[in-house]
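Sequences and hints are given; from them, build the entire structure.
Protein sequence lines, in the order shown, are assigned to chains A and B. Residue numbers for the first sequence follow my numbering, so the first one is 95 and each next one is one higher. Residue numbers for the second sequence follow my numbering, so the first one is 48 and each next one is one higher.
Since the hints were derived computationally from the structure, they do not count as laboratory data. Small disclaimer: the values here were computed from a predicted structure and weren't measured. Glycine included, C-beta positions come from ideal geometry on N, C-alpha and C. Please note: incorrect hints may appear among the correct ones.
Computed footprint of chain A on chain B, listed as stretches where at least three residues anywhere in the stretch have a Cβ under 8 angstroms from a Cβ of chain A [unchecked claim]: (1) 53-65; (2) 68-78; (3) 82-89.
DSS-like, lysine-lysine: derived pairs with alpha carbons at most 25 angstroms apart [stated by the list, open to error]: (4) A:Lys206 - B:Lys53; (5) B:Lys252 - B:Lys191; (6) A:Lys206 - B:Lys191; (7) A:Lys270 - A:Lys295; (8) A:Lys270 - B:Lys55; (9) A:Lys270 - A:Lys284; (10) A:Lys206 - B:Lys252; (11) A:Lys145 - A:Lys206; (12) B:Lys55 - A:Lys284; (13) B:Lys53 - A:Lys145; (14) A:Lys295 - A:Lys206; (15) B:Lys191 - A:Lys284; (16) A:Lys284 - A:Lys295; (17) B:Lys53 - A:Lys270.
Residue strings, one per chain:
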Amino acid sequence: MDNSNSASPPMRRRTRRFSAWTTLVWIAGSLVYLFLILPVLVIVLSAFSPKEYPEFPPTGFSLRWFSAIAGNSDWSGALWNSIVLLVIVTLLTVVLGTTAAYAIARLEFRGKQAIQSLMLSPLMIPQIVLGISLLYVFTGMGLIGTMTGLIIGHVIVAFPYVVRTVSVSVSNLNPKLELASMSLGAGPVKTFFRVSLPLIKPGIVAGGVFSAVTSFGEVSISLFVYSPSTVTVPVRIFNYIEQTYDPAVNAVSVIFIAVAVIALIIIERTIGLTKVM
Amino acid sequence: MAKTIKMKRRNLFSWILLTPSLLFMGIFLILPFLLLLVLSFRDVDGMMTMLPTYSLAQYKEVFTSDIYLRTISSTLWVALLTTAICLVMAYPAAYLLVRSPSKGVRTLFYILLVSPLLTSVVIRTFAWIVILAQNGLVNEVLLKLHIISQPLSLLWNMNAVIIAYVQVMLPFAVLPIATSLGEITPNLRQASMSLGAGRLRTFLKVTLPLTIPGMISGSVIVFSLAAGSYITPLLVGGRLQPLLPLSIYQQVMQISNLPLGAAMSLTLLVFVAIVVAVLGWILKRWEGRMNG
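If you want it as structure tokens, here you go:
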């Protein structure tokens with residue numbers, strides 16, 4: 095950082111400034127990416143730390159937080175609820191989302207835009223508003239604290255992701271293939287199951303992964319409609335951290351990060367990460 | 048003739064496919080929303096029991112009480128600030144994504160961008176507690192380096208909420224901006240530079256205006272998420288931060304004044320809708336100007 099650079103001739107200074115500008119953008123950009131991944135790094139670091147509080151640089155390696163949760167029946171009960179929900183929600187959302195996205199793409203009618211916005215709206219509606227409206231309606235229907243209530247809430251928030259990924263696949267699907275199938279005598283039902291569905295499979299799989307991950311991590315709506323017997327892992331984590339600092343939560347969080355990694359791999363292998371948004 | 052019959056059958060089949068989703072959304076999204084709207088006009092007595100009468104009393108309370116007015120304005124301010132910070136930080140990140148030298152680096156950036164979307168919001172927020180707490184990572188490092196002698200209190204304030212918001216919502220800003228950046232043909236920049244404009248001027252006069260659509264679609268998502276989340280502020284900011292979602296949570300879960308909570312929810316929804324509509328209008332006008 096001396097001032098000898100200022101003696102360089104003007105032309106060289108110009109090229110230098112060029113690369114300095116680019117370097118600056120690269121440094122800024124890299125810092126942003128570091129900021130994005132920082133929480134994940136911290137969680138992993140703390141989960142394997144032998145101390146109550148995370149240290150940097152780490153002083154040792156320990157699995158004590160993992161053994162602390164492994165023997166705890168409260169955590170395994172919550173995990174069971176979360177997995178049951180994940181499976182049911184993913185199946186339901188994939189069926190609903192795929193049929194809806196496909197039908198919207200193939201139909202032309204007035205108000206199509208509005209229906210499309212409605213299907214994607216749960217992404218934008220404030221979660222708290224979704225939460226209390228469901229709380230109110232479920233109270234009347236007797237669904238508060240039931241698995242059914244949680245399933246409905248999760249399907250609503252996971253649904254838009256499936257609609258989006260399947261829409262991407264349907265828009266890449268050549269309509270001529272369907273027309274060919276129909277002109278060869280297959281009806282619309284047969285064409286859908288034998289031609290369209292296999293071709294949009296990548297979008298369906300990616301959508302399924304998204305809804306599984308969404309359901310597994312959902313907390314905003316679950317918090318309003320759960321009961322102690324239907325508590326899920328994220329809700330339990332929420333209740334824990336709201337009251338105390340428990341380092342065992344770090345170990346539970348690692349499970350979530352592992353799930354995210356698996357999801358990333360599946361999405362990359364199906365529709366590709368670049369098509370997600 | 049046979050063709051039209053076939054198309055009609057196909058349309059009928061498509062409608063049959065669409066019906067279950069429409070029914071589901073109607074019963075569990077639109078109906079609850081309408082009931083919430085009705086609920087917001089209900090009166091309550093001193094014991095928070097709902098009365099059979101309807102009035103504007105709840106809205107009157109929201110819009111005349113100093114506390115709630117302050118809460119509304121700080122909610123909008125925090126959401127706006129989060130959006131602005133996200134846009135500024137998203138730009139270099141999007142640039143790196145578009146200009147990444149190899150496919151491997153590009154995939155790495157995508158992984159870093161998409162992984163926060165796949166990790167539960169509770170987990171990400173918990174990580175910020177670990178980082179910002181009294182005996183958390185930041186204080187640890189600063190104490191070890193002897194920069195501070197007493198741990199700083201970084202949690203339980205609005206700054207912590209904004210930091211966590213930015214991290215949670217940044218990918219939603221980066222991805223649309225990257226899409227816009229990727230659509231600009233390199234020729235445009237080269238033309239501008241060969242006509243004598245410097246890098247900075249080319250950026251300000253050519254690149255930046257062309258990415259405005261991406262910036263607006265990113266802002267719409269970030270703003271509505273930042274205005275409507277309650278998990279993150281509750282955990283890193285505490286219950287008492289003046290944010291509308293927290294007030295709603297408190298009214299519903301602790302005070303059990305459902306009609307007031309409903310009125311606040313609709314107020315929040317209307318404010319978010321206004322901002323989204325204004326941004327959409329700007330985008331439309333901008334695209335109109337660009338195309339003709």
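Each hint tested on the structure:
no.	hint	result
1	53-65	holds (count 10)
2	68-78	holds (count 8)
3	82-89	holds (count 3)
4	A:Lys206 - B:Lys53	holds, 22 angstroms
5	B:Lys252 - B:Lys191	violated, 46 angstroms
6	A:Lys206 - B:Lys191	violated, 60 angstroms
7	A:Lys270 - A:Lys295	holds, 18 angstroms
8	A:Lys270 - B:Lys55	holds, 17 angstroms
9	A:Lys270 - A:Lys284	holds, 15 angstroms
10	A:Lys206 - B:Lys252	violated, 37 angstroms
11	A:Lys145 - A:Lys206	violated, 57 angstroms
12	B:Lys55 - A:Lys284	holds, 15 angstroms
13	B:Lys53 - A:Lys145	violated, 69 angstroms
14	A:Lys295 - A:Lys206	holds, 24 angstroms
15	B:Lys191 - A:Lys284	violated, 69 angstroms
16	A:Lys284 - A:Lys295	holds, 16 angstroms
17	B:Lys53 - A:Lys270	holds, 15 angstroms
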